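Engineer: Construct the entire structure; sequences and hints are all you get.
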Amino acid sequence: MEWTNTYALKTTLRVLQLPEEHPARKLATYFLGVQSRLFLQTQASGPKVINPTPFYRHVIGIYKRIAQLNLDTPLLECQNTELAQELLVNSGCEAKNPGFPWVLLTPSWLPGSIQDVVWRFGWSVLPTADRMYKWHYVRSEQCVHCQKHEDNKHALITCRVAKVFWSLVDKAYHPLGIERFVKRGRCPNGALARLVLAAGMFTLWENRGIAVKQAKARQNQWPLLMRMYNIVLDHLDTEFFLLGEEEFLKRWSCAFVKIANNRVTLTCGPIQGLRTT
Numbered sequence: 000m001e002w003t004n005t006y007a008l009k010t011t012l013r014v015l016q017l018p019e020e021h022p023a024r025k026l027a028t029y030f031l032g033v034q035s036r037l038f039l040q041t042q043a044s045g046p047k048v049i050n051p052t053p054f055y056r057h058v059i060g061i062y063k064r065i066a067q068l069n070l071d072t073p074l075l076e077c078q079n080t081e082l083a084q085e086l087l088v089n090s091g092c093e094a095k096n097p098g099f100p101w102v103l104l105t106p107s108w109l110p111g112s113i114q115d116v117v118w119r120f121g122w123s124v125l126p127t128a129d130r131m132y133k134w135h136y137v138r139s140e141q142c143v144h145c146q147k148h149e150d151n152k153h154a155l156i157t158c159r160v161a162k163v164f165w166s167l168v169d170k171a172y173h174p175l176g177i178e179r180f181v182k183r184g185r186c187p188n189g190a191l192a193r194l195v196l197a198a199g200m201f202t203l204w205e206n207r208g209i210a211v212k213q214a215k216a217r218q219n220q221w222p223l224l225m226r227m228y229n230i231v232l233d234h235l236d237t238e239f240f241l242l243g244e245e246e247f248l249k250r251w252s253c254a255f256v257k258i259a260n261n262r263v264t265l266t267c268g269p270i271q272g273l274r275t276t
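The sequence shown begins at 0 in numbering that gives the first Met the number 0 and counts up by one.
Here are the simulated distance ranges between beta carbons:
1) Thr-3 with Thr-266: 50 to 58 Å
2) Gly-268 with Asp-233: 17 to 25 Å
3) Thr-3 with Glu-244: 53 to 61 Å
4) Gln-213 with Gly-189: 32 to 40 Å
5) Asn-79 with Pro-106: 34 to 42 Å
6) Val-163 with Asn-229: 17 to 25 Å
7) Ser-107 with Thr-157: 24 to 32 Å
Calculated directly from the structure, the hints in this document are not laboratory data.
The model shown is predicted, which means the values in this text are computed figures rather than measured ones.
Quick reminder that beta carbons are idealized off the backbone N, C-alpha and C, glycines included.
Structural biologist: See below:
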């Protein structure tokens, strides 16, 4: 059974490597729907089904299982029998606990681009340097900021740029429990805490992408904090417009979020020693 699973996945991957105008590739991206983002560096253009067909849902599930194996060899270069064996062993060792409730950090009200980054982080499938190196897209597995090995967790949590960023965010919004997530992996309570975390992850990933494009580190924290703040405030403004004041306050009212003169205000605690240039 596992052998046929890996064969189906490899066939799909080879189809997706065909030129964009190839009919088979267009059909595959159509039937995969928005889940085609799992397999492609950029979201494929053209129409897509809302829900993938049963075959492609199965392929997506197999891909997610294999992604958790952290293979040292590019997937298409692995023998089907070896992949099947790894899947069988891994399925027998899976933890019985439900794991981290990532669905709480990827609610439907999040902007799609932010939801996508958090979702990929939760599945450990962000296109980080280590994964791109295995697929021969980059020449090094090093982080653009600190030159250390970059994996999924390093990019958004343990890189020195990320560590400083999260420590500053925790100081600014201390009661929200940001530090508990970063250091101990505990999901925070409250809609604002989850929005701040999701916006922070998106900000770090966006900054990392710009740094890679420019081939130089981007370590100035002030622009990152302002970017995250603006993302959060923009979303709160949208929520206020859509929900109205009463429903908005039911969801978002806290020490940091107020309504003044029919406008949303977002405050934060002071951050000592932060350079603003």
